[in-house]
Every structure is written in C-alpha cells, then in structure tokens.
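Asks: When you get a sec, could you build the whole thing from the sequences and use the hints?
These protein sequence lines are chains A and B, in that order. Quick note on the working numbering: the first sequence kicks off at 1 and runs consecutively. Quick note on the working numbering: the second sequence kicks off at 1 and runs consecutively.
Everything labelled a hint here was simulated from the structure, so no lab data went into it. Note that the coordinates shown come from a computational prediction; the quantities given were computed from them, not determined experimentally. One should not assume that every hint holds.
Which residues of chain A face chain B? A partial, calculated answer using Cβ under 7 Å [claimed, not checked]: (1) P34; (2) K42; (3) G43; (4) P44; (5) L46; (6) A49; (7) F89; (8) F103; (9) G104; (10) T105; (11) G106; (12) K110.
Here a beta-carbon is modelled for each residue, glycine too, at the ideal position from N, C-alpha and C.
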Amino acid sequence: QQQVKQSPQSLIVQKGGISIINCAYENTAFDYFPWYQQFPGKGPALLIAIRPDVSEKKEGRFTISFNKSAKQFSLHIMDSQPGDSATYFCAASSTSGTYKYIFGTGTRLKVLA
Amino acid sequence: GAGVSQTPSNKVTEKGKYVELRCDPISGHTALYWYRQSLGQGPEFLIYFQGTGAADDSGLPNDRFFAVRPEGSVSTLKIQRTERGDSAVYLCASSQTLGSNYGYTFGSGTRLTVV
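Replies: Next comes the structure, spelled out in structure tokens:
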C-alpha cells in the first residue's frame, strides 16, 4: 500500500514533442505529490508538485494532471528539449505524517535533438 | 549555505569498516531527511529529523545504521560493520519547516562503495 508505481521505465521523445510519465498510488492518505528531476551525479531537484484539491497544475512547460478517484497522476513536458534529458521521479507523501516521500522507480527520458 | 552540502562525495571502504557521512543542510532549515538510492532505483527513506530529534527512523534497515543531529543543523549518518549491500548513494535533504510547500532540497549525495 506504500508503493508508488511509475511508468514507463524509459522514454525517447523527439525535440519539440510531449513527454508523458505516469504514476499510480494506493494509499489514500497520500496528499502531496511532487515530481523530481535528476541529472547524473546530482541529487533530485523539485520540478513541480500538486495537492489533491486541484486536478491540474502548470508551471512553464511542465504540467501535472491528477486523478484522485483513479489514484493516478502524470507529468507532461511540453515542447521537450534535449536539456530535459534526465531521470524523473514521482513521489507521494502524507501531510499528516512526517512528510517522508515514497518515490517511484524513475523514468529515464531522452530527448533527441 | 546556498544548498545542501554532503561530504565526502565519494567513499570507498572495506567490508566490515565503519563510515560516517556528513550533511550540512540549508541554513535555517529545521527538517532534515536521509534517503538511500540504489542504482536504477528511486530514493528510499531512512530517517527524518525535526530539529535535534529523530522524529521518524522507520526506514533505517537495521541497527548498524544510526544518525545524529546534535545541534539541529549538521547531521551525520553512521554505518557500522559495512556490508557490500550498503553500497548506494546516500542523499540528504532539508526543508524550511515540516511540510514545506516548497518540498525538499536534496544534496548531491555521497556515493558509498563497500568492497
């Protein structure tokens, strides 16, 4: 019940295309869902996060779509660029607890120039 | 400091040895987390500090692992009798308060290799 399932494991997109990464969770106590971007040799960096009181959040080229009833959320990267090539992790946590994150297994994104 | 600083960046140790990994959080951040990231996996929670106390250590895999944060700032993760399975990147993160809307800020990690 603590798992966060992430797919796909890897993704190749042409420059200018849309990258879509999906996550699903089981624990209904989760109420904070961040996405992190990680480059090789670096720690994860927060991209965007959403709480379940909204169904969508957009920041620049990055959009989170959230479906509370299905317990699913996704990251959309519009106009994907080669500089977006990185590993992306979704995560979930409960704000009534210690805010420890349960991370997905990651998606390695490659954007072709 | 400007970011979360972790030292050393790389550590190679022999099986059975003791290691200490250090984390300097962002100045003023009261919440501090340790995670472990194995190759090709997402980070896994180890322990969380709010101030000086360990508020949640449920992720520590066994009693060989211990962490301290004596003055509410710098934290040290200590691993006794290291095993090859302990090889991973150990990540530290901090946030301004518990449940910050800005999420955590992670350091670049310490890559631990046990040979």
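Asks: Evaluate each hint against the coordinates.
Replies: Hints, verified against the model:
Below 7 Å, beta-carbon pairs count as interface contacts, and P34 (chain A) has one with chain B at about 5 Å; its hint therefore holds. The interface hint given for K42 (chain A) holds, since its Cβ lies 5 Å from the closest Cβ of chain B, which is under the 7 Å cut-off. Annotation: interface hint on G43 (chain A) holds; nearest CB of chain B at approximately 3 Å, less than 7 Å. Interface hint status for P44 (chain A): upheld, as the beta-carbon distance to the closest one in chain B is roughly 5 Å, under 7 Å.
Because the closest C-beta pair between L46 (chain A) and chain B is about 4 Å apart, less than 7 Å, the hint holds. Using the Cβ-Cβ criterion of 7 Å, the hint placing A49 (chain A) at the interface with chain B is satisfied: the shortest such distance is roughly 6 Å. For F89 (chain A), the interface hint holds, since its Cβ comes within 7 Å of a Cβ in chain B; the closest pair sits about 5 Å apart. For F103 (chain A), the interface hint holds, since its Cβ comes within 7 Å of a Cβ in chain B; the closest pair sits about 3 Å apart.
Using the Cβ-Cβ criterion of 7 Å, the hint placing G104 (chain A) at the interface with chain B is satisfied: the shortest such distance is roughly 6 Å. The criterion of a C-beta within 7 Å of any C-beta in chain B is met by T105 (chain A), whose closest approach is roughly 5 Å, and the hint holds. This hint holds: G106 (chain A) has a C-beta 5 Å from the nearest C-beta of chain B, less than the 7 Å allowed. At a threshold of 7 Å, the smallest CB-CB gap from K110 (chain A) to chain B is about 15 Å, leaving the interface hint violated.
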